[in-house]
Amino acid sequence: MQTSRKLRRVALFGAIAMVVASAASAQEVKVWTLTFANDSANKAWADIVKEFEAANPGVTIKVEGRGTDEHKSALRVASGSDQGPDIYFMWGGLGLGGEFVKAGLSLPLDKFYAEYKWDDELLSPALSFSKQYEGGRHGVPYTFHGEALYYNKALFEKAGITTAPATYDELVADAEKLKAAGIPAITFGGTVNWHVMRLMDMILETKCGVEKHDRLMGMQVSWADEACATASFEEFHKWTSNYTLKPFMGIDQAQSFNLFLGGRAAMMLEGDWLVGQLKGENRTADFGLFPFPTGTDRLYGFAEYNYISTKSKVPDIAAKFLNYLESTDVQQKHLGDFGSISVNKNVKYTSAEPLDQKWIEIFGKFPSTFVNGDQAFPLDVTTEYFRVINEVASDTLDPKAAAAELQKFIGNRS
Amino acid sequence: MLLAPAVLAYAVFAFYPMIDVIQLSFMKWNGLNADKHWVGLDNYRYVLHDDPVFWVAFKNTLIWTFLSVIFPPLIGFGLALGLNQNIPGRSPLRALFYMPVIIAPIAVATMWRWMFDPFFGLFNSLLSAAGWPNLIQDWLGDRNVALYSVFIGYVWEVAGFSMVLFLAGLQGVSQTLVEAARIDGAGRFQLFRYVTLPALRPTITIVLILSLINSLKAFDIVYGMTGGGPAQSTQMLAMWAYTQAMQLGDFGRGSAISVVLLLITVAIVIPYLRWTLKRQEAYQ
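First to last, the sequence lines map onto chains D and B. Using the numbering used here, read the first sequence as starting at 152 and increasing by one per residue. Using the numbering used here, read the second sequence as starting at 20 and increasing by one per residue.
Bound conformation, chain B alone:
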């Protein structure tokens, strides 16, 4: 009974839209009038077989996800370890590194777009001033580097989030265990490897799951920095679903892409969660 309000809210705002999207993925609808009709698997056939952008977006989403579960958590972890030490200015530094998380993603995108400007941007100006003009790039206009340029902005934006979670996890590492290990002669690396890291296992799981889910949903920063260009080379599945539905007016195809994205997310997250839970149970 106590759970009823939460269940109701979940049903209305999460479960119903999800079912609606699945249903729409089998229909043709332009989002403007009442004419919705059943087309079976046509939308899936189109996006998987005929759509010239879907597989580019699919590949980009996989690359982005792979990078997102490595770099932001690693950088966040490094920052957390450093800022967990008793160093001067620790609190302002924590706030400073967390600040990008609270800036609106579209503002982050605008800022980084200016820094990547090929003519007047920070990076090319620095390279030019350093005497390395051959390293100057069209950071957002060259399809070979554009996705990675956007990813740099994304790392700057989200690393602070992982840092905060790791900092919280580090507070939970038992000082008694640390002291006991020290008395037993453990060095810094052994303390980290055999005491800190195992204690952080639940935090690592949470950070990786959240990084994974957020990366699969990557949208705003890509939209703000490249809009999916050049020539759709930085297109992502979430953004392509939005483009199909909201800009091209094909809600059926947009929904079909969303369902594919949902299946990918479920296929990655559930086995990973089960594996980590099993490991934790075995460890306990």
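Next comes chain D alone, as it looks inside the complex:
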């Protein structure tokens, strides 16, 4: 009887010891990222996590995906507690990414940059954002995206367009040809403000040029005083009035994409990730691609980053996971899942897909980039920028008054 009790005690202590030991060795890395519209990106994440966990026993990577706005809100809530992520997704640059860096949520990663030699392994334009912050390097790029005009080959042919436009004037002339053939030139989803914003960003680059555009986005010059800003709003209005598939203010980007797929409009201003979506629909052969002819040497694009939180209790493992994510083998294996181009410069491009090849050509052609308006402006100005753009697109604000309206808001900022 006593032997049996002793045995039971030993078994109980043994079980407790095993639980304690496994709890001590098990390390969880919480990753907060986006739920991507491109399903291959979501699948790639799941695979990468599984592979990393298998190679690192005792480490669990817990990925939580959210919509863009929900992700930003969740991060804000988490910043006030100890329950946040170890790694969080955010865009590179001073806008959205910079806000969280400035608030002290991002851990400087200089040590890990040196340890893992990311500067030797990753693309310089994508890395440039990590150097913009004060107090060290922040975040690691995991995607680098460009945005350009996709076009429906059959609709271009129907309108008599044989070559992709090389200048902005040619683009407008093509939009006119499409209009004359009864084809809306371009489609946007107005409910997600950032979609139609892309057109305004492109027109600003075209009308204002590199230096003035940057100064406007940096709020270093007055929008009300710059003639090119007003001219851009007028040009933007010309596009939304004459060349855009209507109605568009009540639909979102996903609905807009379906209309584009359905041949209801000839062009869509999208990123390289759209190739993945077109592949998913088995429709890549129906569409072509060309950069928006702004006349400058800059590609419209941005980098997506993963940052390590200052609150992480496992920053070394978090960095190890990020290094795995960026590694040549992983990037090569999942090439095309996150975008047409990898952030890893050692990746070999072997895809025979013409759209992928076109993107590689575009990335190689432009030496520098300019970022989307919502990543260049602070958040409150972005919201006003959206409102002013939408007012112009809805014909409720005279485009001549739009630049002054935006400047009024900027001027009132404390």
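Zero decoy hints are in this set.
Only pairs whose alpha carbons sit at most 20 angstroms apart, straight line, appear in this in silico PhoX-like list of lysine-lysine:
id, chain 1, residue 1, chain 2, residue 2
1, D, Lys462, D, Lys181
2, D, Lys268, D, Lys282
3, B, Lys47, D, Lys253
4, D, Lys268, D, Lys496
5, B, Lys55, D, Lys253
6, D, Lys559, D, Lys363
No wet-lab data here; the hints were simulated from the structure. Computed from a predicted structure; not experimentally measured.
Add chain B to chain D, keeping to what the hints say.
Frame of chain D, contents of chain B only:
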């Protein structure tokens, strides 16, 4: 002593956050770091004077509230009167009309968004099939109709709630009084006007107060259907407070908008409650 747990819960989860929001409305804080500092009335000056969206949201909230205390209660009352009769299928019909109340508001928003889709949605397809293409609208994209389109979805969602309250109220109407009025020669309208309606007065007060409070807090269905667009034309005060605080990172301004909303709610609800209580006392 028996009330202590409830008072404590109220103090922690309702009173303290309210005081905290009032305090925050006089401060500048981005919600991310510990740097909170006093700015006096700056947030109020900004939202009332400089904010290009506040007064649009204010006007929309008033329109929404006005419509919300009329249409959902009226429809709920009509349904309750009908379903209080001894008709076949009464119970399943009650459940059917109540069902939208238990569906997650964001699911309701998604469903209605699809029905309002300008290209493939139910309404424009029906109008097209009926040969009325000139009535086709960009239901959620035209700023002149978007708020009312969202409101239609809201009515569908909440009318069942008023119906249930009115049904409960109708059970309390004294059958003795109804019979006595009938014997005295009262017709259907007179029965309704002089017996049913006075007996329902406390229920009407509750329904209107709840409709009023819920409408002032309108958020989820607008967020799900338009996100406040196009060009902030369907923005509401509750959603704008959330946007300022949680999306733009200005908790001071978000709190100032919340305090304005609280003051509006108190300014409407308290006089109405006092008036109805006085009327009830006078009636008794």
